[in-house]
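2 protein chains.
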Amino acid sequence: MKITAVIMAGGKGERFWPKSRTHLPKQFLSLTADKETMIQKTVARLKSITKPEDIFIVTNKMYEELTHEQLPQIPKENIILEPCGRNTAPCIALAAAVIEKKYGEETVMLVLPSDHLIRYEEMYTDTLRQAISVAESGQRLVTIGITPTYPETGYGYIQFERDTTLGMRGVYQVNRFVEKPDIDTAKSYLSSRKYLWNSGMFVWKTSTILMNMEEFMPKVYSGALEIAGKFGSDEFESTLNENYEKLPSESVDFGIMEKAEEIYTIPGSFGWDDVGNWLAVERINSTNELGNYVEGDVITIGTKHCTICGGKRLVAAVGVENIIVVDTDDAILICEKNSTQDVKKVIENLKICNRATLL
Amino acid sequence: MKITAVIMAGGKGERFWPKSRTHLPKQFLSLTADKETMIQKTVARLKSITKPEDIFIVTNKMYEELTHEQLPQIPKENIILEPCGRNTAPCIALAAAVIEKKYGEETVMLVLPSDHLIRYEEMYTDTLRQAISVAESGQRLVTIGITPTYPETGYGYIQFERDTTLGMRGVYQVNRFVEKPDIDTAKSYLSSRKYLWNSGMFVWKTSTILMNMEEFMPKVYSGALEIAGKFGSDEFESTLNENYEKLPSESVDFGIMEKAEEIYTIPGSFGWDDVGNWLAVERINSTNELGNYVEGDVITIGTKHCTICGGKRLVAAVGVENIIVVDTDDAILICEKNSTQDVKKVIENLKICNRATLL
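Chains as they are written, first to last, in the numbering used here: chain A, 439 to 797; chain B, 439 to 797.
In short, the hints are calculated from the structure, not lab data. In this text the structure is predicted, and so the values were computed from the model without any measurement. Be careful, since some hints might not be right.
Remember, identical chains collapse to one label, so a pair may be satisfied in a single copy or spanning two.
[Stated by the list, open to error] In silico DMTMM-like pairs for lysine to aspartate or glutamate, Cα to Cα no more than 25 Å straight-line:
{"no.": "1", "residue 1": "Lys618", "residue 2": "Glu700"}
{"no.": "2", "residue 1": "Lys668", "residue 2": "Glu688"}
{"no.": "3", "residue 1": "Lys539", "residue 2": "Glu680"}
{"no.": "4", "residue 1": "Lys742", "residue 2": "Glu774"}
{"no.": "5", "residue 1": "Lys782", "residue 2": "Glu727"}
{"no.": "6", "residue 1": "Lys789", "residue 2": "Glu700"}
{"no.": "7", "residue 1": "Lys499", "residue 2": "Glu699"}
{"no.": "8", "residue 1": "Lys775", "residue 2": "Glu759"}
{"no.": "9", "residue 1": "Lys783", "residue 2": "Glu727"}
{"no.": "10", "residue 1": "Lys742", "residue 2": "Asp780"}
{"no.": "11", "residue 1": "Lys783", "residue 2": "Asp735"}
{"no.": "12", "residue 1": "Lys789", "residue 2": "Glu733"}
{"no.": "13", "residue 1": "Lys489", "residue 2": "Glu574"}
{"no.": "14", "residue 1": "Lys750", "residue 2": "Glu733"}
{"no.": "15", "residue 1": "Lys750", "residue 2": "Glu452"}
{"no.": "16", "residue 1": "Lys742", "residue 2": "Glu786"}
{"no.": "17", "residue 1": "Lys440", "residue 2": "Glu574"}
{"no.": "18", "residue 1": "Lys789", "residue 2": "Asp735"}
{"no.": "19", "residue 1": "Lys539", "residue 2": "Asp620"}
{"no.": "20", "residue 1": "Lys782", "residue 2": "Glu733"}
{"no.": "21", "residue 1": "Lys450", "residue 2": "Glu617"}
Please take these sequences and the hints and turn them into a complete structure.
What follows is the structure in structure tokens.
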């Protein structure tokens with residue numbers, strides 16, 4: 439069966455300010471020493487699964503040029519430009535309808551975020567292959583779960599149980615999707631060993647997801663079909679621009695996964711990282727013997743456990759510990775490691791003061 | 439009697455890197471909100487004591503232009519340009535010999551550092567006036583002592599005793615000058631109440647200091663006299679450039695004050711600050727209700743007890759405490775408050791790497 443992939447790349451990624459900006463969100467940044475951007479890595483990871491011409495990117499209109507620049511191998515037609523963000527359900531429904539229009543019904547579709555990192559790529563592709571088998575074998579929704587390592591409160595969880603019907607090793611039936619828990623609930627999930635993290639990676643046939651959309655999100659379904667009907671014609675862009683914002687803004691987790699039947703999960707242990715904030719940089723790169731991760735022109739004296747991303751100028755860090763420094767041409771961030779969630783307050787402040795050039 | 443002042447402005451001021459540089463030392467910087475530089479303040483403070491044409495500046499040749507720019511009211515002739523640093527004794531001897539050549543013997547000479555701050559200027563000028571009276575009344579060396587407030591180990595101390603000869607209120611006889619003490623000694627000095635801090639401000643007649651130079655530093659004396667003999671002629675500059683580096687490099691404290699007789703001190707309590715490192719900035723300016731001192735384009739979120747000197751770009755400080763941030767066009771310093779003495783290690787590093795543009 440034909441395998442296609444849909445990469446969702448419309449996110450704003452404010453948590454990587456000042457490197458990420460409204461016009462340059464996280465998925466188009468490199469946060470690793472190799473300088474490949476997050477979305478480039480996401481596409482490269484699929485090379486043994488599918489071909490570039492079967493990869494679709496859904497992103498905001500604003501990022502059209504960035505996407506073409508960073509992913510010249512993806513056909514322009516495959517880049518679907520949202521006029522506005524409408525969360526994951528309309529994005530997935532439209533992509534599914536477009537793919538079905540282009541290739542016909544019997545097509546597998548991987549749905550992947552564009553801004554996560556994977557440490558063990560072979561294990562990742564093995565997991566995807568297994569998910570593809572499950573998806574092909576019926577009208578099944580497959581989600582990649584991540585084996586939790588600590589009680590994270592920033593992710594959704596998937597409650598699973600031993601599969602009683604499929605009889606495929608390593609594939610589990612999903613009982614329910616749950617939203618981000620509080621810390622005590624997260625701890626109980628972890629100790630129960632019945633929950634996985636929800637990675638936001640899905641595998642299904644286009645017919646399966648569209649069938650579920652029709653049942654649980656009929657407005658999204660009919661709207662997506664209307665737009666996709668013009669795919670390949672001159673009217674596609676104008677129809678998209680006119681109708682997309684009318685679709686209800688909803689996540690596929692809430693709109694479909696919390697309601698549908700026949701959901702399976704495959705637990706992945708391939709070194710997944712959602713790269714959620716600046717703390718990720720020291721995780722995904724290696725730190726030196728003093729616990730520092732340093733890039734660019736940096737001098738450290740008596741400095742420990744710091745992440746310093748230099749820009750065009752010298753950064754001298756003297757006697758500091760546990761801070762993150764990010765230098766760019768027009769702004770520098772100096773953030774205590776426990777305060778990364780407050781970087782968004784800087785952005786709020788910039789918005790209030792109408793300082794658009796810094797956003 | 440004619441009152442002249444000699445402002446010593448040859449210092450390198452490495453401790454204010456990255457704002458201070460080899461070509462722009464501390465005395466030519468403003469570290470206060472009013473934007474007046476340290477040396478401009480030093481000159482302005484003398485307005486009720488002497489006239490600009492009787493103020494002499496001794497500085498390094500490198501700072502010729504800066505001195506003219508910042509102090510246009512000082513006659514060019516009065517700016518003595520050292521071809522190299524030779525510590526305070528040769529600098530003072532040469533200035534004294536030049537002033538004596540210009541005005542004759544009976545001239546009072548104030549010797550003042552160019553990079554200290556004074557909070558209570560009236561008390562300062564009152565103290566200087568009293569010192570002038572003592573200096574005029576005989577062959578006396580007068581030094582301004584600072585009443586210590588804590589056991590500082592970075593200053594020299596002056597041991598004084600009640601004057602038994604002059605009978606002038608507030609003037610004390612100096613027993614001895616002592617070098618920077620260790621912490622226990624500094625504590626014993628403080629509790630003994632017999633020691634003052636040595637501020638490096640002196641008042642004497644030119645004849646008095648030259649008489650002492652002749653006795654205790656004959657080489658410095660004869661060398662200074664030889665150079666000063668050409669003052670006002672075309673040969674002054676070449677004689678200075680040729681002979682100055684031959685003078686022994688020595689401080690007036692060690693060369694004269696530790697050996698001479700008839701030394702008096704007047705304790706000043708005029709809010710003296712030697713502005714020794716970046717910690718001074720929050721002392722000499724006022725901090726806000728969170729204990730921060732902030733200048734320039736700065737956003738603080740959850741930030742306390744920090745000093746942030748912004749430059750041309752936005753500085754966003756999130757969740758940090760007790761750090762000093764100084765932004766300039768080509769370098770940024772991020773320094774824990776207890777580590778200000780280690781800023782010099784950054785400079786050492788830059789020297790080792792031959793990064794002259796950053797020095």
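We went through each hint and held it up to the structure:
1. In this assembly of identical chains, the alpha carbons of Lys618 and Glu700 lie at most 25 Å apart only when taken from the same copy (23 Å versus 80 Å across copies).
2. Proximity of Lys668 to Glu688 under the C-alpha cut-off of 25 Å is restricted to the intra-copy arrangement: shortest distance 23 Å within a copy versus 88 Å between copies.
3. Only within a single protomer do Lys539 and Glu680 lie at most 25 Å apart by alpha-carbon distance; the minimum there is 20 Å, versus 90 Å between protomers.
4. Within a single copy, Lys742 and Glu774 get their C-alpha atoms as close as 13 Å, and across copies as close as 12 Å, so both meet the 25 Å cut-off.
5. In this assembly of identical chains, Lys782 and Glu727 lie within 25 Å of each other by CA distance solely across copies; the values are 23 Å between and 31 Å within a copy.
6. In the homo-oligomer, the alpha carbons of Lys789 and Glu700 never lie at most 25 Å apart, since the shortest distance is 44 Å inside one protomer and 68 Å across protomers.
7. Taking the closest pair of Cα atoms, Lys499 and Glu699 never come within 25 Å of each other, the shortest separation being 34 Å inside a single copy and 85 Å across copies.
8. With identical chains, the CA atoms of Lys775 and Glu759 are at most 25 Å apart both within one copy (9 Å) and between copies (12 Å).
9. In this assembly of identical chains, Lys783 and Glu727 lie within 25 Å of each other by CA distance solely across copies; the values are 20 Å between and 33 Å within a copy.
10. In this homomeric assembly, Lys742 and Asp780 come within 25 Å of each other (Cα to Cα) both inside a single copy, at 22 Å, and across copies, at 15 Å.
11. Taking the closest pair of Cα atoms, Lys783 and Asp735 come within 25 Å of each other only across two copies (16 Å); inside a single copy the shortest separation is 28 Å, beyond that limit.
12. Proximity of Lys789 and Glu733 under a CA criterion of 25 Å is satisfied inter-copy only: 21 Å between copies versus 29 Å inside one chain copy.
13. In this assembly of identical chains, Lys489 and Glu574 lie within 25 Å of each other by CA distance solely inside one copy; the values are 18 Å within and 95 Å between copies.
14. In this assembly of identical chains, the alpha carbons of Lys750 and Glu733 lie at most 25 Å apart whether taken from the same copy (11 Å) or from different copies (22 Å).
15. Proximity of Lys750 and Glu452 under a CA criterion of 25 Å is satisfied in both settings, with 22 Å inside one chain copy and 23 Å between copies.
16. For the identical chains of this complex, Lys742 and Glu786 are inter-copy neighbours only, at 20 Å across copies versus 30 Å inside a copy, given an alpha-carbon limit of 25 Å.
17. Proximity of Lys440 and Glu574 under a CA criterion of 25 Å is satisfied intra-copy only: 10 Å inside one chain copy versus 103 Å between copies.
18. Proximity of Lys789 to Asp735 under the C-alpha cut-off of 25 Å is restricted to the inter-copy arrangement: shortest distance 15 Å between copies versus 30 Å within a copy.
19. In this assembly of identical chains, Lys539 and Asp620 lie within 25 Å of each other by CA distance neither inside one copy nor across copies; the values are 42 Å within and 84 Å between.
20. Proximity of Lys782 to Glu733 under the C-alpha cut-off of 25 Å is found in both arrangements, the shortest distances being 23 Å within a copy and 22 Å between copies.
21. Taking identical chains as interchangeable, the C-alpha atoms of Lys450 and Glu617 lie at most 25 Å apart only when both belong to the same chain, with a minimum of 21 Å there against 61 Å between chains.
Hints 6, 7, 19 from the earlier list are contradicted by this structure; the remaining hints agree with it.
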